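Let's have the full structure, built from the sequences with the hints guiding it.
At position 609 of the sequence shown the residue is numbered 600 (the numbering used here), and the sequence of numbers has no breaks.
For the record, the hints were derived by calculation from the structure and aren't laboratory data.
Fair warning: this is a prediction, and the values are worked out from it, not measured in the lab.
From the three backbone atoms N, C-alpha and C, an ideal C-beta is built for every residue, glycine too.
There may be inaccurate statements among the hints.
Heads up, simulated DSBU-like pairs for lysine-lysine below, C-alpha to C-alpha not over 30 angstroms straight-line [as the list claims (entries may be wrong)]: (1) K222 / K547; (2) K411 / K222; (3) K312 / K498; (4) K448 / K312; (5) K498 / K448.
Now the in silico label distances, taken between C-beta atoms and shown as ranges [unchecked claim]: (6) R93 / G458: 55 to 61 angstroms; (7) G576 / L447: 41 to 47 angstroms; (8) E115 / M163: 46 to 52 angstroms; (9) F97 / L164: 33 to 39 angstroms.
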Amino acid sequence: MTEAQRREAGPTPAAGAPDVVSTEALREAEAYIEAEEGATNRLGGVIGLIVTGIAVAMSLFHLYAAYSIVPTQELRYIHVGFTLLLCFLLFPVAGRFRDRIRWWDFLPGILSVAIVGYALWGGEDFTDRATVPDRLDVVLGLIFIVILLEATRRATGAIMPVVALFFIAYAMLGPHLPAPWTHRGYDVSRLVGHLFMTLEGIFGVAVDVSATLIILFTIYGAFLQHSGAGKFFIDFSLALMGGRRNSAGRTVVLSSFLLGGPSGSGVATTVMIGSVASPMLAKAGFTRDAAGGLLAAGGLGAILSPPVLGAAAFLIAEFLKISYLDVLRMAVIPTCLYYLSLLVMVELDARRFHAHDVRFEQELPLGVMVRRYGFHFVSLAAVVGFMVVGFSPMLSVFYATVVTFVLSFLRPETALWPRKLVRALADGSIGSLNAAVTCASAGIVVGVVTLTGLGLKFSSIVITYAGGSLVLTALYTALIVWIIGLAVPVTASYIICAVIAAPALTKLGVPDYAAHMFIFYYAVLSEVSPPTALSPFAAAAITGGNPYLTTLQSWKYTLPAFIVPFVFVLAPDGVGLLMQVPAGGSVLSIAWITLQTALGLAALAAAAQNWALRRTSPVERGLLLVSGLLLVIPNIIEPLLETLTGYNIQYLAAFGAVIGILVMVRQIYMPAAAAPPART
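Structure (structure tokens):
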């Protein structure tokens, strides 16, 4: 058998699978983390201490700002100044210049700080002349925009700066564009004044969220990580699921949920879990591609899971002017549905691959482990706890960080003594750079959209193309978000689509919170979509699978994330999935739509896995697919059938439930000998 054939076939259960992931595989996987978060310089000596000191100072400033009162303008400008300085010191201009800082790194970093100082020194006079900036304002503003775009290129790649330049060109070339894209147009002076000198462009809402929430949560996550929470959650999952059938698959599902807080990154979570669970999945009988797809799906779930979610979740709260606790509440049921579907698929995989329990050496019994390190659960829940009792999100995460710091001293090996504390503070600010610089560059997009009215214009165009149909508008919006998400990070994808695509949905009667949650979920799907499918590619590097087949497997596992958002946009009672009582409904409406969707997702999972109680026949698989679609998205299917037949179609969900029940009854009573033969 050739190596390509061996890779395609995957491992055999418990035969020859390594006990640990090779260093080379981990190095390759970590390259995908760098592709998402930027390849930072590894600096030592005096310059390393200086950069660490700047990063620690940035974290301490934002912790102070969370507890005390720092004026909005000062907070946003200082945040961006710190971000740009660290970006130029930590991210090389190109890979061959890595691990050394050169003059062309120092110069733009120092210049960005000087320009921020100039803006702060100008005070209210500086912002008051935004509509008629003087020559020096325009020159410094142009230099600052160029510096910002270069910092963004270094940290996230070239796509986001290109998108920002495209929007700048749109603002300047308005009169020369064809209808319906035409507008009055803006010269350089007016554009720089709006983007650089007001709080509606670069230093707008996105940067405000970055400066007040995103960085505080990355600091909190760094404290959790350096106090050993990440390791504990994986060990806890292994200990809890060990000794049971399909322990390997269940461990991935549980640990991915718990690691959403400490990691905060889908790719990082995938690599963290994969380095431990990949050998277990191989020995349990999972193919390389299926194991990689499951690991990538777990990493994606970490972004969708409370209490942290992704960075875009903080932006939802700011755009909608609601509390972050409301966003967390809206995410609870979709998260539960996601993990329910993932768990169903894992259990079906266990039967498809004839998976068995994998024994492993356990450092501590479960009870001892919880007694010693169970305080990490308190740290993880502290954020929500403080918000529930009435603290603001900023104060909640501040106090949760303090709780994490204090509780770390319950065990000597987890204590955040000065050396680990400094590292946690530095990693907290460094971990926020990618999102912070993305938010600043996305501010250019938001500024242009508000200046030119592109959001309302774009929504009218989408509705026109959709013929006023909510179903088509939702499909077009999902496609737009998905395409933009292929090119830019999740945060940028959400910001861009929130200002240009969300108005189309709200114009057609979709509640604003449902429209923004719809866009958020489709923005997150960029994590598993080529060509930026970093999580599946990282998982494939660990498991040795084919990157593209692994991506296809991850699509299968993340099926709910593609379908569930349509429920709370199209179904009248679908907002129940966001824990909102539908108009004319009650709490029972929330329970009913949740149950209906859960049953539909289970049917879709069985269809995707080609397995229910046993391997399904082609007819059974098709019926399960129909059953799942009728249960989950009847509001898309009903108008299509009514158009085709001319009849009023109702109760499709009930038909879907009946079809699913009939398939299961057939599987129960069909003789085993008559079951379709298993395919190798």
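Against the structure, the hints:
{"no.": "1", "hint": "K222 / K547", "result": "holds, 28 angstroms"}
{"no.": "2", "hint": "K411 / K222", "result": "holds, 16 angstroms"}
{"no.": "3", "hint": "K312 / K498", "result": "holds, 19 angstroms"}
{"no.": "4", "hint": "K448 / K312", "result": "holds, 23 angstroms"}
{"no.": "5", "hint": "K498 / K448", "result": "holds, 12 angstroms"}
{"no.": "6", "hint": "R93 / G458: 55 to 61 angstroms", "result": "holds, 56 angstroms"}
{"no.": "7", "hint": "G576 / L447: 41 to 47 angstroms", "result": "violated, 31 angstroms"}
{"no.": "8", "hint": "E115 / M163: 46 to 52 angstroms", "result": "violated, 28 angstroms"}
{"no.": "9", "hint": "F97 / L164: 33 to 39 angstroms", "result": "holds, 36 angstroms"}
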